[in-house]
Amino acid sequence: MAVRKVAENDNPDVLIVEIGGTVGDIESLPFMEAIRQIGNEEGKTNAIFVHVTLVPYIAAAGELKTKPTQHSVKELREIGIAPDILLCRSEHTLSLDLRRKIALFCNVQENAVISALDVNTIYEVPLAFYEQGLDSLIVDSLNLTEQFPTADLKDWRELVSTIKEPSEGAVKIAIVGKYVELEDSYKSLREALTHAGVANNLKVNVNWVESENLMRDNYETDLHDFDAILVPGGFGKRGISGMLRAIKYARKSGTPYFGICLGMQTACIEFARNICGLKDADSTEFNSDTPFPIIFKLRDLVNIEELGGTMRLGAWDCNLKKESLVREIYNGADKIDERHRHRYEFNPEYRAVLEKEGLVFSGVSPDGKFVEMIELPREIHPFFVACQFHPEYKSKPLNAHPLFVLFVKAAQQNRLNSENLKDDISSDKQIEIPERAVAISEE
Amino acid sequence: MTEKQTKYIFVTGGVVSSLGKGLAASSIGCLLETRGMRVSMMKLDPYINVDPGTMIFRLSKKSGAAIISARQFKLFRTLLMK
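Sequence order for the protein chains is A and B.
Numbering-wise (my numbering), the first sequence opens with residue 1 and increments by one.
Numbering-wise (my numbering), the second sequence opens with residue 444 and increments by one.
None of these hints come from the bench; they were simulated from the model.
There's no promise every hint is true.
[Unchecked claim] Covered by chain B, per the in silico footprint, the following chain A stretches (three or more residues, Cβ under 8 Å): (1) 13-21; (2) 30-37; (3) 64-73; (4) 115-127; (5) 188-198; (6) 411-421.
Built from N, CA and C at the ideal position, the CB exists for glycine as well.
Let's have the full structure, built from the sequences with the hints guiding it.
See below:
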């Protein structure tokens, strides 16, 4: 079983196993049974069960209600799992009385009823748990106190204070996509930007721009205010034209651009159409009859009719081109591995055409089949990078992903440049207009 | 020292979804790491990494049971067995 395998291979001190879904869902039942068995085999001091539950506030009664928690614990015990610790999500602090009540009816120790309030940033949650003694409770139950007696939260406290009050000010980044109304579906992306902000001591203000709204005539004004533009992953045809406009704007104005997954595919389409003159170049996902299928399904999918399970998933290697910007970003590494989640990819037949016009294919899979990263040369654009994979999955709070770190840094540089430009204009100084700006005004 | 005993913390959720189970689990991991422990994490989820949006089921008109393709069946089986 996978849980045992991870314990064996990684051999960590502690393995935390989260079970998806809520207690009572039929989908997770086999997993529940599996962890019950492991709990039984390992014994109380080697395996503990933490149950996260909700204590809702009923405004009309002015009360926090513990019944849902009691019921979910009852359900858990029916499948043979008795939780040791309860983490109670609620809008208001749980009173001592309430905690006693929950402890009594759910059969846990009083100090094992932890209140998990809403906090300003998610990075405060460990600190909130620490203050309630959750970590000592856990190490005590697992007999690990002697081995790991104290916690050192210095780095973490610093992280939280940088997030709250960064010393370098803020940058404004536009994320152009079509699921922007569902911000949680881009949670890892948002947090990767936060991590990169911390690394630069900056606050990253993210504005979600609905790509369909960019189909208006003077769409450029919607993008003027941003220090950088990002197009994230996504599926389907809707909103693509708006993304292409955003990318064109970023390319021509020298605004830092970072494309991820679909954001790389659209960057290739934009380049093919507007620079290489391949009119109606497209992805076969959006237009199956396109004369120039720049993006298509590389893998042999003949005889597979349904969509399920046909994605390229998980970690894959990627070779980085010598002297490319991305190689510099990855600190000189010639080979990296990143996590993937895509069904369509760049069509290698068009590589030479785009390369000839100046697009750099800076990351390619070792077998040469999959284009993983593209960029524009630094002489042309300060930061125009896109990747097929999802670097946000590998970003950590105290170890931000280099692609995001450098993207945010480029955004800051862009902000500083435009501030200087403004100062120069107001002081009526003679300034040299960059070539890029001329190109836009000719449009 | 021979291979050390790995201890387990299982995190479940109740009442509603989107409670922040993952956040709770990772916060626990974060706290344990500040004590110097080596922590691994995993998630057991029937939908993880399987392209859930396109896992289309048809229901049998007769029995109401889900009909899945042989490939989907294989996929589920490997998921549950590993």
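Structure-based check of all given hints:
Taking a C-beta to C-beta cut-off of 8 Å, the segment 13-21 of chain A contributes 9 residues in contact with chain B, enough for the three needed, and the coverage statement holds. With a threshold of 8 Å between beta carbons, the proposed coverage of the segment 30-37 of chain A by chain B holds, since 5 of its residues qualify and at least three are required. Counting residues of the segment 64-73 of chain A whose beta-carbon sits less than 8 Å from any beta-carbon of chain B gives 5, enough to reach three: the coverage restraint holds. Counting residues of the segment 115-127 of chain A whose C-beta sits closer than 8 Å to any C-beta of chain B gives 4, which meets the bar of three, so the coverage hint holds.
Only residues whose C-beta sits within less than 8 Å of a C-beta in chain B count toward coverage, and the segment 188-198 of chain A has 0 of them, not enough to reach three; the restraint is violated. Requiring three or more residues with a Cβ within less than 8 Å of a Cβ of chain B, the coverage given for the segment 411-421 of chain A is violated, as only 0 such residues are present.
The structure fails to meet hints 5 and 6 from the earlier list, while all remaining hints are met.
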